Every structure is written in C-alpha cells, then in structure tokens.
Amino acid sequence: MNKQFICICCPKGCIIDVTYDHDKIENIQGNSCKRGASYVQDELFSPTRMLTSTVKINNAMHKMLSVQTDKPIPKDMIFPIMKQLRHICVEAPININDIIIANILDTGVNIIATRSMEKITK
Amino acid sequence: MNKKLVIIGAGSGGLCAAISAYKHGTHDILLIEQDQETGGILNQCIHNGFGLHTFQEELTGPAFAQRLKDEIAQLPIDIWLDTCVTNITKEKMVICQNKNGIHHIQAQAIIITAGCYERSQGAIALTGHRPKGIYTAGQAQKYLNQDGYLVGKNVFILGSGDIGLIMARRMSLEGAKVYGVAEIMPYSNGLKRNIVQCLDDFDIPLYLSHTISNIFGKDKLEAIEISPVDENRQIIPNQAKRFNVDTLLLSVGLIPENSLIYQLGLPLDTKTKGPIVDEFLQLLPGIFAAGNGLHVHDLVDHVASEARQAGINASLYLENKLSNKPMIQIIPGENVSYCVPQFFHQDSSGFKLSLRVKLPMPKAKLQFFDDNKLLKEQVMMNLFPAEMVTYQISADVLASISTKLTIKAVMINE
Chain A
1 MNKQFICICC PKGCIIDVTY DHDKIENIQG NSCKRGASYV QDELFSPTRM LTSTVKINNA
61 MHKMLSVQTD KPIPKDMIFP IMKQLRHICV EAPININDII IANILDTGVN IIATRSMEKI
121 TK
Chain B
1 MNKKLVIIGA GSGGLCAAIS AYKHGTHDIL LIEQDQETGG ILNQCIHNGF GLHTFQEELT
61 GPAFAQRLKD EIAQLPIDIW LDTCVTNITK EKMVICQNKN GIHHIQAQAI IITAGCYERS
121 QGAIALTGHR PKGIYTAGQA QKYLNQDGYL VGKNVFILGS GDIGLIMARR MSLEGAKVYG
181 VAEIMPYSNG LKRNIVQCLD DFDIPLYLSH TISNIFGKDK LEAIEISPVD ENRQIIPNQA
241 KRFNVDTLLL SVGLIPENSL IYQLGLPLDT KTKGPIVDEF LQLLPGIFAA GNGLHVHDLV
301 DHVASEARQA GINASLYLEN KLSNKPMIQI IPGENVSYCV PQFFHQDSSG FKLSLRVKLP
361 MPKAKLQFFD DNKLLKEQVM MNLFPAEMVT YQISADVLAS ISTKLTIKAV MINE
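Those protein sequence lines, which keep their order, are chains A and B.
First residue of the first sequence: 1, per the working numbering; consecutive thereafter.
First residue of the second sequence: 1, per the working numbering; consecutive thereafter.
Hints were generated in silico from the structure; no laboratory data involved.
Note that the structure is predicted; figures quoted are calculated from it, not measured.
Any given hint might turn out to be false.
[Unchecked claim] Heads up, simulated SDA-like pairs for lysine to any residue below, C-alpha to C-alpha not over 25 Å straight-line:
hint	chain 1	residue 1	chain 2	residue 2
1	B	Lys363	A	Cys33
2	A	Lys119	B	Asp82
3	B	Lys220	B	Gly175
4	B	Lys99	B	Met1
5	A	Lys3	B	Lys192
6	A	Lys63	B	Gly175
7	B	Lys363	B	Val379
8	B	Lys363	A	Gly13
9	B	Lys192	A	Tyr20
10	B	Lys325	B	Ala395
11	A	Lys12	B	Ala395
12	A	Lys12	B	Met381
13	A	Lys75	B	Asp200
14	A	Lys75	B	Lys177
15	A	Lys12	B	Ser337
16	B	Lys177	A	Arg86
17	B	Lys404	B	Leu353
All chains should be built: construct the whole structure from the sequences, respecting the hints.
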C-alpha cells in the first residue's frame with residue numbers, strides 16, 4: 001500500500017511517500033532526516049494525539065472549563081473520550097492540573113484542568 | 001490620580017510587560033483590562049502548542065495564561081478589570097471608564113498592549129446578504145470554549161490561518177460537520193502541523209486558490225458557493241461548488257487594535273496597520289507598544305518576549321536612559337512586506353528586528369543595505385509569509401548606516 005505524509009517534525013514540512021505492508025514500512029522517500037522516518041512509522045502504525053476540550057463547570061466565571069489529556073491518546077480514542085466529556089460537570093473552585101477524570105475509558109490517561117477557576121457566588 | 005507606568009491591556013503582552021517592568025525597578029504600575037479577567041485571547045485558545053520557547057514545554061492557551069496570572073499575583077501590581085481605556089493623550093493622560101465612573105490617570109510612561117481584532121465580513125467585502133450564521137473564527141471559538149455554545153452544525157471556513165484550522169478541528173470534535181476550508185492564496189497560511197492534525201485527521205478538504213463567490217439565504221445562511229481564482233486572485237467563472245451550510249467562519253486576518261494610536265493623531269504603518277515605532281518600541285517618547293497591538297504575531301512566545309522588552313525599555317525611559325539622538329529609517333525592500341521597528345537611533349547598540357517575507361522561500365539571503373551599499377547578508381531557511389522572522393541586528397552594522405537601512409530577502413535557488 002502507498003501513502004503520502006507531510007512531516008510535522010520541523011517547519012520544512014517534507015512530503016514523504018511510503019510503501020508499506022500491514023505492519024512494516026517497505027520503502028520511504030522524501031524525508032530529509034531520521035525524524036521523518038520515525039514520524040511516519042508512528043503515524044502509520046500507532047498514531048497518537050493530545051486531546052484538548054472543555055467540560056461544564058458550575059459557580060464559575062465561565063460556563064466551561066478547559067481540559068486536556070495528560071498524555072497523548074491513541075487517535076481512535078478521540079471520539080469515545082469526547083463523548084464521555086459531554087456528560088461531565090464539575091463544581092468550582094478548580095485548580096490547574098486537578099484531575100477531572102482519572103484513567104478515562106481505561107486508557108491509563110487522565111483528563112486534567114488546564115486552568116484554575118475560582119468559585120463565585122452570583 | 002498619578003501613576004509611573006500605565007499598561008493598557010492585560011493579555012499575554014500586558015502581563016509580561018508589567019512583570020518585566022516591575023522586575024526592572026518600576027513599582028508604581030497600573031494594568032488596565034477591559035475583560036472580566038486577565039489573560040486575553042489565550043483564555044479561549046484551549047488547544048495546545050503554546051510556550052515552547054518561553055517555558056520549554058507545550059501548554060494550552062489557558063495554561064500559558066495561568067502561569068502569567070500566578071506570577072503577577074505575587075507582585076504588588078494594581079490591576080483594574082472591566083475597565084475600558086477610551087482615550088490617551090500625547091501628555092500621557094490615560095482616560096478610562098468602569099462601573100465606578102470615568103478616571104483620569106496621569107502617567108509618566110504608557111505601554112499599549114491592546115492586542116488585535118479579526119477582519120470581518122465587511123472588511124473583506126463578502127458578497128451577498130448579511131444572514132445570521134456568519135461569524136469570525138475567534139467569535140465562534142469564544143462562544144464554544146467559554147459558553148459551551150456551538151454556533152452551527154454544518155460549517156464551511158474561509159481562510160486557512162491557524163485560527164480557522166483550529167476551529168475546523170474543534171467544531172468537528174463537538175459534532176459539527178466541516179465541509180471544507182477555502183484559501184484564496186495557492187498556499188496555506190497555517191502551520192503544517194495544523195493542516196495535518198486539524199484537517200487531515202478529520203478528512204476536511206483544503207481548497208487552495210479558492211474563495212467564496214456567493215452566499216445564499218437572507219435571514220439565515222442556507223448555502224455558500226466557492227470558486228477557483230486565477231493568479232490575480234480573480235474568480236474564474238462557471239466553476240462554482242455549492243455547500244449547504246448553516247455556518248460560515250471567517251479566518252481572514254487580524255488587525256492591531258489601533259484606535260488609541262489613531263486618537264493620538266499618529267500615522268499607522270500601511271502594512272502592519274499598527275503604530276510606527278523606534279527600536280525601543282516607542283511611538284512617542286515614553287509611549288510604547290508591543291504584542292499584537294504593534295503588529296500581528298503568530299506565536300505568543302514572540303508577543304511575550306517583545307512585551308518584556310517594552311517593560312524593560314519603559315523602566316529605562318523612566319530613569320532617563322533612552323537615546324534621543326536623531327533617527328534612521330528602516331525600509332522593507334524586495335520580498336519583505338514589513339519591518340518592525342521602522343526607525344532606530346543613530347547610536348543604537350543593536351536590537352531585535354521583526355519582519356515578514358512576501359512569498360514562501362525554502363532558502364533565502366536576508367540582506368542589509370545602506371541605501372544601495374550591501375553591508376551584511378545572512379542565509380536563512382524556510383521563510384514563510386505566515387511565520388514572522390526575528391533577527392538580532394548588531395551595533396556594528398547599524399553604525400555604518402548613513403542614509404537609511406533597507407532590508408531585502410533574496411531567494412536562493414538550488
């Protein structure tokens with residue numbers, strides 16, 4: 001199989017063409033350094049992403065609290081995790097890096113707050 | 001009321017300027033913010049990728065802002081929230097308004113870190129009616145990330161700047177269908193990483209050399225049409241593609257918040273749309289500008305370092321330590337769209353120059369001329385219009401300039 005990638009390791013943005021079998025790269029062209037090869041290897045066989053989103057928060061300045069995964073997650077877990085986050089509502093006060101959900105969907109990854117929000121009484 | 005230093009705007013620039021001025025001996029500071037909290041636009045930019053230069057780690061916007069908020073909270077700096085500056089004068093009077101009334105503050109120095117605003121549909125002369133459903137990308141971002149309100153379910157995005165790309169991903173994650181991003185230029189203005197992780201990950205097509213050619217719907221947006229453009233950015237007829245969408249997001253550029261500069265009666269740089277400054281970032285002696293209020297940056301790290309420098313310079317001004325020698329102009333030459341600062345003093349000991357190139361150049365020479373005489377050249381890799389270039393220019397180059405400094409970027413073909 002063939003696939004084309006834009007390498008994101010540096011601003012150069014090499015266009016890399018790969019031929020691969022189900023779990024092995026057979027031919028790689030277009031990368032100007034080793035990092036490009038390892039980027040393509042990961043993107044093909046175990047792509048991960050950091051996920052940032054929001055959850056509802058009560059008694060705070062805003063209605064939403066910004067959160068993120070504390071480690072990259074497998075790409076195919078993005079939508080299942082988004083679905084979970086939709087049901088979450090936390091109470092202010094919250095401190096940055098507070099764990100909002102531990103070990104979400106058994107991934108070994110925590111959802112943490114990316115800011116602090118004080119409790120306010122309206 | 002009297003204050004040594006008044007800083008207008010408490011986003012990343014204002015917070016950095018205040019912290020830096022305080023650390024360099026200016027303790028009587030008032031920081032004025034029109035929003036209900038400090039942190040500025042970072043508060044709504046919940047994605048990560050901020051702070052690699054400043055903190056050597058990848059933070060989300062709110063987390064970057066939190067570091068600055070926590071740092072300034074340790075210092076006895078006055079912060080007025082929910083306060084709008086309506087006027088400043090050449091005599092450094094700052095007039096502002098909040099729920100307690102109108103205030104006149106006599107400052108000895110001012111730093112303007114007022115940020116920028118988004119170009120809107122009026123600014124790009126968008127065709128058709130003005131139906132509900134057309135938003136700037138940042139507006140939709142604020143509604144979604146702070147209020148939890150998704151502006152639409154079927155979305156098209158005009159402009160491939162980073163905010164547009166980030167919103168394409170963000171709205172997809174929240175369940176909207178993003179039909180595509182149209183970019184009038186033949187290349188994207190966004191970071192490669194954002195093309196991959198915001199568009200490719202969600203199978204969102206990027207239409208290069210395309211723009212909106214029609215808008216349908218009178219009260220409510222019903223559909224849009226995009227068409228290819230030729231090399232002069234003119235629409236090629238009879239090739240329109242229609243998308244039935246309820247939402248159009250505009251990510252078509254940012255303009256420095258320059259209304260206070262305008263009130264001072266000062267000319268603006270025609271390219272940056274921000275004030276014209278010297279190497280100390282002064283638009284007038286003792287009035288400084290930094291961050292997106294001076295020229296639009298791509299990275300908050302650059303805003304932070306420029307604003308810190310403004311804080312240091314304001315402290316030096318208050319100690320009467322800035323040069324008042326005659327000034328020499330800096331001219332953007334071939335392939336350079338702008339340079340900041342636009343002037344420097346004859347006795348300058350060197351400064352950081354910011355510039356943008358006009359077209360993508362994988363390899364180029366940055367050349368410094370005194371009129372027509374080449375003084376210095378520097379090879380640089382991967383220059384893109386969307387990525388600001390900074391260059392530390394040394395005193396020996398500056399000392400040999402007698403007329404004006406012209407800066408060119410010449411492509412090297414290999």
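Hints, one by one, checked against the model:
1. Between B/Lys363 and A/Cys33 the CA atoms are separated by roughly 17 Å; this keeps the pair inside 25 Å, and the hint holds.
2. Restraint check for A/Lys119 and B/Asp82: the C-alpha separation of about 19 Å stays at or below 25 Å, so the hint holds.
3. With a C-alpha separation of about 21 Å, the suggested pairing of B/Lys220 with B/Gly175 holds against the 25 Å cut-off.
4. A threshold of 25 Å between alpha carbons decides the hint, and for B/Lys99 with B/Met1 the separation of about 17 Å falls inside it, so the pair holds.
5. Under the criterion of a C-alpha separation no larger than 25 Å, the hint pairing A/Lys3 with B/Lys192 is consistent with the structure, at around 17 Å.
6. Restraint check for A/Lys63 and B/Gly175: satisfied, since their Cα atoms lie roughly 19 Å apart, inside the 25 Å limit.
7. For a cut-off of 25 Å, the pair hint linking B/Lys363 to B/Val379 stands: about 7 Å separates their Cα positions.
8. For a cut-off of 25 Å, the pair hint linking B/Lys363 to A/Gly13 stands: about 13 Å separates their Cα positions.
9. Taking the CA atoms of B/Lys192 and A/Tyr20, the gap is near 23 Å; set against the 25 Å cutoff, the hint holds.
10. At roughly 15 Å between alpha-carbon atoms, B/Lys325 and B/Ala395 fall within 25 Å of each other, so this suggested pair holds.
11. This hinted pair does not check out: A/Lys12 and B/Ala395 have alpha carbons roughly 31 Å apart, beyond 25 Å.
12. Only pairs whose Cα atoms come within 25 Å are accepted, and A/Lys12 paired with B/Met381 is accepted, the gap being roughly 8 Å.
13. In summary, the hint linking A/Lys75 to B/Asp200 is supported, as the alpha carbons are separated by about 12 Å, within the 25 Å threshold.
14. In summary, the hint linking A/Lys75 to B/Lys177 is supported, as the alpha carbons are separated by about 19 Å, within the 25 Å threshold.
15. Between A/Lys12 and B/Ser337 the alpha-carbon distance is near 21 Å, which keeps this suggested pair within the 25 Å criterion.
16. Restraint check for B/Lys177 and A/Arg86: satisfied, since their Cα atoms lie roughly 18 Å apart, inside the 25 Å limit.
17. Distance hint between B/Lys404 and B/Leu353 is fulfilled; the C-alpha atoms sit about 15 Å from each other, no more than 25 Å.
Violation of the numbered hints given earlier is confined to hint 11; every other hint is satisfied by the structure.
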